[in-house]
Each structure stands twice: as C-alpha cells, then as structure tokens.
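Quick mapping for you: the protein sequence lines, in order, are chains S and R. For reference, each letter of the first sequence is one residue, going 1 to 205 in this note's numbering. For reference, each letter of the second sequence is one residue, going 1 to 81 in this note's numbering.
Since the hints were derived computationally from the structure, they do not count as laboratory data. The model shown is predicted, which means the values in this text are computed figures rather than measured ones. Idealized CB from N, CA, C, for every residue including glycine. Among these hints, one or two may not hold up.
[Claimed, not checked] Not everything, but these chain S residues come out facing chain R in the computed CB check (under 8 Å):
# : residue
1 : L50
2 : L122
3 : Y155
[Said to hold, decoys possible] What follows is a set of in silico ranges between Cβ atoms, one per label pair, in the way DEER data are often shown:
#  : chain 1 : residue 1 : chain 2 : residue 2 : range
4  : S       : Q60       : R       : R20       : 45 to 51 Å
5  : R       : E26       : S       : S37       : 38 to 44 Å
6  : R       : A8        : S       : E40       : 21 to 27 Å
7  : R       : T41       : S       : E18       : 41 to 47 Å
8  : S       : D186      : R       : S32       : 34 to 40 Å
9  : R       : D66       : S       : R80       : 19 to 25 Å
10 : R       : E26       : S       : L19       : 34 to 40 Å
11 : S       : E140      : R       : T39       : 31 to 37 Å
12 : S       : C164      : R       : S77       : 47 to 53 Å
13 : S       : A55       : R       : P64       : 23 to 29 Å
14 : S       : D123      : R       : V11       : 24 to 30 Å
15 : S       : R80       : R       : T39       : 45 to 51 Å
16 : S       : C164      : R       : R74       : 29 to 35 Å
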Amino acid sequence: MNTAEPVGTVTVQAEFEELLGPILQMAYGTAVRLTRSRTEADDLVQDASLMAFRAFGTFQRGTNFKAWFFRVLTNAFYSRHRKEKHEKAHVSTDDVPQLYLYHKTTDAGLAGPDSDPASTILDRLDAERVGQALDALPEEYRAAATLYFIDDLSYQQIADMLHCPVGTVRSRLHRGRRMLQKSLWDIAVERGINSAHALGPMEPS
Amino acid sequence: MQHGISCAEMVRRLDDYVDRALSPVELESVESHLLGCVTCTRQFRFEISLRDGLRERLLRIRAPEDLLERIHQRLASDLAG
Chain S
1 MNTAEPVGTV
11 TVQAEFEELL
21 GPILQMAYGT
31 AVRLTRSRTE
41 ADDLVQDASL
51 MAFRAFGTFQ
61 RGTNFKAWFF
71 RVLTNAFYSR
81 HRKEKHEKAH
91 VSTDDVPQLY
101 LYHKTTDAGL
111 AGPDSDPAST
121 ILDRLDAERV
131 GQALDALPEE
141 YRAAATLYFI
151 DDLSYQQIAD
161 MLHCPVGTVR
171 SRLHRGRRML
181 QKSLWDIAVE
191 RGINSAHALG
201 PMEPS
Chain R
1 MQHGISCAEM
11 VRRLDDYVDR
21 ALSPVELESV
31 ESHLLGCVTC
41 TRQFRFEISL
51 RDGLRERLLR
61 IRAPEDLLER
71 IHQRLASDLA
81 G
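Between the sequences and the hints, there should be enough to build the whole structure, so can you do that?
Here's what the structure looks like:
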C-alpha cells in the first residue's frame with residue numbers, strides 16, 4: 001500500500017534517501033562488479049537512484065526496498081551495456097569440476113588437517129584481486145554471482161532481476177562458482193602463492 | 001555409503017546446500033551424512049568458508065564518501081525541474 005504523500009515532495013525525497021542510505025555501499029559494490037569500473041559504477045548508481053526516485057510512487061511501502069532498488073539498478077545496467085552482452089570471457093567457460101579449489105589447495109599442501117584451506121588462500125588475496133577473479137567471468141555468470149555474493153539475494157530475486165527462469169539462475173550460479181574458483185586459483189598461481197613453501201607473510205587487506 | 005546418501009550424492013547437493021536451497025528433507029539427509037563423514041564435512045566447510053570469505057572481501061569496496069550527497073543534490077535538482 002502506498003502512503004498518501006505524493007511523490008515529488010522534499011519529504012518523499014527524505015524517505016527515499018533514508019531507505020537508500022543503508023544499501024548504498026552494497027549498490028556501489030554491485031555496480032563496480034557489473035561495470036568493472038569505479039567511474040562507471042558511480043554513474044550507474046546515480047542514474048539508478050534517479051530512476052528509482054522517479055518511480056518511487058510504484059514502490060509498495062513495507063516491501064523489500066533493497067530487492068526493488070537492485071531491480072532498477074540491474075535494469076539500468078542492461079540498458080546502458082546491452083551492446084557488451086556478448087563480450088569475450090577472460091576465463092574458460094569449459095566445465096570446471098566440483099570442489100576445484102578445494103582439491104587444488106589440498107593437493108598443493110596449502111592447509112593442514114586442522115586449518116581452513118579456503119581462508120589460507122583468501123587471506124593472501126585482497127579485495128581487488130577477488131574482484132578481478134569475479135570480473136573474469138562471462139557477463140551472465142558475473143551478474144548472477146555478483147547479486148548472489150554481494151547482495152545475498154535468493155535464486156528467485158536474482159531471476160526477477162535478470163529476467164530469466166530460476167533454473168537458469170541456479171545453473172549459472174553453480175557453474176559460475178566453479179569458474180570463479182578456477183579464476184581465483186589462476187590468480188593465486190600468477191601471484192606465486194600456490195604452494196606451501198611459497199606462503200610468506202599475509203598481504204595486507 | 002554412509003547415513004542414507006553416498007559421498008557422490010553429497011557432492012551433487014553441495015551447491016544447493018551452500019546456497020541454502022535444499023528442501024527440509026534433503027537438508028536433513030545431508031546433515032545426517034555430515035555427522036558421520038569427515039571428508040564430506042571438510043569439503044562442505046571449505047565451500048561455506050569460501051562463500052563467506054568472498055562475500056566479505058567483495059563488500060570491502062567502499063563507495064565514495066560524497067556519493068549519497070551527490071545523489072541528494074541530483075534528486076533535489078530533479079524535483080526543482
């Protein structure tokens with residue numbers, strides 16, 4: 001149910017910004033991954049905010065503002081970047097086996113039986129490098145993985161945003177997760193942190 | 001085969017478990033298997049830890065401090081027409 005106040009007043013702007021503020025970091029992080037550029041992400045979040053504000057009258061008060069806003073954000077992204085939908089992927093789209101990174105890290109002796117091999121590898125990759133690994137995925141996998149990892153959205157919410165069936169989101173996330181693991185491992189190999197003897201002091205994060 | 005489902009079946013359920021997308025019945029059978037299987041427990045913990053670690057790192061990217069203020073100005077200009 002919408003409130004009685006008309007859209008277009010300062011009060012409505014304050015209400016909109018009160019809802020936007022807490023999710024702005026998440027929106028910017030999502031935009032950085034979708035556009036792979038901080039400058040473009042800044043523009044995208046601003047444009048999406050304006051579009052959402054103009055459509056705020058259609059937002060059902062009391063429902064999930066985050067899901068509603070991210071739908072506007074992804075629509076804004078696709079309307080700006082439609083031409084790039086068939087961009088070349090930086091990571092192979094061949095099937096990567098389940099537990100790829102688990103087997104790579106344990107085979108390399110990166111973790112003992114009592115330590116966590118996932119932390120062992122991630123502790124040596126800062127946020128920028130983890131972002132680069134995600135950026136290497138083809139667009140349709142990157143978008144689903146971004147909405148999943150950064151925004152913690154459900155299959156159904158992601159499907160609504162990407163305008164595709166839930167089953168497609170599920171398979172993209174499952175396959176994208178394995179491609180991301182391969183991408184992370186490739187970066188670890190490039191950085192020379194793919195064997196136990198190479199582990200030095202952790203990189204500041 | 002341990003605790004109802006095999007380790008191979010556990011791997012097939014791994015992604016849906018990590019995504020919290022298993023049905024209550026499937027979840028119960030997976031958790032029952034994990035109670036008695038060290039290898040599957042280690043693998044499932046790895047994937048959960050990786051998911052959480054990736055999420056935490058991806059959220060570290062900070063928006064410019066003045067972004068909300070710039071949005072505020074843009075919305076105000078839009079209202080002013």
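Review point. Between S:A55 and R:P64, does the beta-carbon spacing fit 23 to 29 Å?
Key: Distance hint for S:A55, R:P64 holds at roughly 24 Å.
Check your understanding: Do S:D186 and R:S32 keep their Cβ atoms within the hinted range of 34 to 40 Å?
Key -> The hint (34 to 40 Å, Cβ to Cβ) holds, given that S:D186 and R:S32 are roughly 36 Å apart.
Point to revise | Distance restraint evaluation - S:R80, R:T39, Cβ atoms, bounds 45 to 51 Å | key: holds (46 Å)
**Study point:** Distance restraint hint 38 to 44 Å, applied to the beta-carbon atoms of R:E26 and S:S37
**Key:** holds (40 Å)
Practice item. Could you see if the CB distance from R:D66 to S:R80 stays within 19 to 25 Å? Key: Given a distance of about 22 Å, which is inside 19 to 25 Å, the answer is holds.
Practice item. Just tell me: holds or violated, for the beta carbon distance of S:D123 and R:V11 against 24 to 30 Å? Key: Holds, at about 26 Å.
Exercise for review: Note whether the CB distance of S:Q60 and R:R20 lies within 45 to 51 Å or breaks it.
Suggested key: violated (25 Å)
Exercise for review: Take the C-beta atom of R:T41 and the C-beta atom of S:E18, compute their distance, and say whether it sits inside 41 to 47 Å.
Suggested key: holds (44 Å)
Review point. Holds or violated: is there a CB of chain R closer than 8 Å to the CB of S:L122?
Key: holds (4 Å)
Check your understanding: Can the suggested window of 31 to 37 Å be confirmed for the beta-carbon pair S:E140 and R:T39?
Key -> holds (33 Å)
Practice item. With 29 to 35 Å as the target window, see if S:C164 and R:R74 comply at their CB atoms. Key: Because 31 Å falls inside the window, the suggested range holds.
Practice item. Given the hint of 47 to 53 Å, check if S:C164 and R:S77 actually sit that far apart at their C-beta atoms. Key: violated (36 Å)
The structure shown violates the earlier hints numbered 4, 6, 12.
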